[in-house]
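These protein sequence lines are chains D and U, in that order.
Be aware that the first sequence starts at -3, since it is given in the working numbering, and climbs by one per residue.
Be aware that the second sequence starts at 68, since it is given in the working numbering, and climbs by one per residue.
Accuracy of the hints is not assured; some may be wrong.
Said to hold, decoys possible - Computed footprint of chain U on chain D, listed as stretches where at least three residues anywhere in the stretch have a Cβ under 8 Å from a Cβ of chain U: (1) 151 to 157; (2) 160 to 170; (3) 201 to 213.
To be verified - EDC-like, lysine to aspartate or glutamate: derived pairs with alpha carbons at most 16 Å apart: (4) Lys80(D) / Asp139(U); (5) Lys133(U) / Glu82(U); (6) Lys82(D) / Glu82(U); (7) Lys33(D) / Glu129(D); (8) Lys167(D) / Glu82(U); (9) Lys211(D) / Glu82(U).
These are calculated hints, taken from the structure and not from any lab test.
Only a predicted model underlies this, so the values are computations on that prediction, with no experimental measurement involved.
Cβ atoms here follow ideal geometry from the backbone N, Cα and C, with glycine treated the same way.
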Amino acid sequence: MEIITFLEYTFIQKAFFAGSFVAIICSALGLFLVLRKMSLIGDGLSHVSFGAIALGLFFGSYPYYIAVPVVMIASLLILKISEKTKVYGDSAIGIVSAIGIASGVILASLSKGFNVDLFSYLFGNILAISTTEVILSIILSFIVLAVIYFFYWDLFSATFDEEYAKTTGVKTHFINTLLTLLTAVTVVLSVKMVGIMLVSALLILPAVTALQIAKGFKTSMIIAGFVSLCSVILGITFSFFLDLPTGATIVLINALFFGLALFYKKIT
Amino acid sequence: MDIILEVKNLNVKYEQTEALQNVSFAIERGDFVGLAGPNGGGKTTLAKTVLGLINEYSGEIYFFGKKQKNSDYFKKVGYLPQKQSSINQLFPVSVGEIVLLGLLSQKTMPKFFTHTDKKLINTTLSKLGILELKNKMFSELSGGQQQKVLLARALASNPEILILDEPSTALDPASREDFFKIIQTLNQEFKTTIILITHDTGYIGQYANKLLYIDRKVLFFGKISDFCPHSDINSCFEKNEHHIIWHQHK
């Protein structure tokens, strides 16, 4: 009975709806990022989104409208720094991420009015997701999924063997840029769900869980999607009934799946 | 004379080091060219530049009579990289999927594979005698099997020219012999032009008809018999020692 009442709450329905879409795109993109050893880009971009959301709040605009383009630009900046200068990719992520956090702190200090709003993004709250955010999450998730679908084999080839992919005419630079931009959009969408501090877990954990047990790339994608989706649904449900923070609960359930996958791998 | 690949005055620089200096040669259809030279002599750099993996160079490269940079030469070129160096070994991928990647060069956006493509993969795998590996995971295969799978990937698009970078390094002697025989069959029966970078100079002597010997510059390019008379070919090549050609040349 309690479950039925729980499912009737509009905010729970919105959380399930938006959370499911974001969970699926995080798992799909996460698999490519993990296999390309780019997992930390999610962490770096989530820090940038802190600054970008602060910028949105500072100008009194809807934070996502500013955060999506700013984080996309930051992701391109990370690529450019690592390509055009003598700076490794992880250092480039560190630089841009630090600038993001520092800008957010400065803006928060200057405004003195939106600190509570801004800091709520640090740990996220999907139960407080607005209708606009749900619609935005669904539209952007569809765009991300469509791009993955149409560029699937190019992404696959460039992830498996980038050098060989180039020799078959795959525009690997374009593919890398595309992957980074998609990650930027996904990170911003995930911030509301699990918060800036935990976004990278949503990208990494389902992927590494799937990689422990899956045979084949498509199976990995399906398992990662299933784990991510289950974690979000169970996370929202448990956090509601046990009165726990939703984002952290989602991440810990993801981590539990990872532990189970490791155990399964060991006994088989 | 049907020239498939022509390189004119090619120069490649890494920082301050000249990796290739004024390299020029032309390869004809059906040639089996052994590309040899000392370590650091620019063999892999030459292959990568020709394949478009290194874009900063001076000089000219022509594939099938067209400038490399303005053509879709990659549709007719197969490549087997060195020692699976750039491959992501953690990637959960089946043999069938890997070989499909060789057909990407034939696709335009949106790139999807058809039933015909999948049949073609079976044909390629059968040609190399590894059809039974199709559904196996790449990471579960031996070094020799992995090398054959990557050769199948290079051959999937039925290329006119095949560039192989030290394909036999990771192979045991039996697999090596087997591998070279496959390459020879491709060259003789299917008229595929071969450029083979190798330290196995013994095998070059045995299978290739031309030798391109470089040490940043071209030191020799021509018929193997011109480099080393047929009567001496055993002493030139059969010892299978690194750099034997270099010593002979000196």
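Failing hints, ascending? The structure conflicts with hints 4, 5, 7, 8, 9, although it agrees with all the remaining ones.
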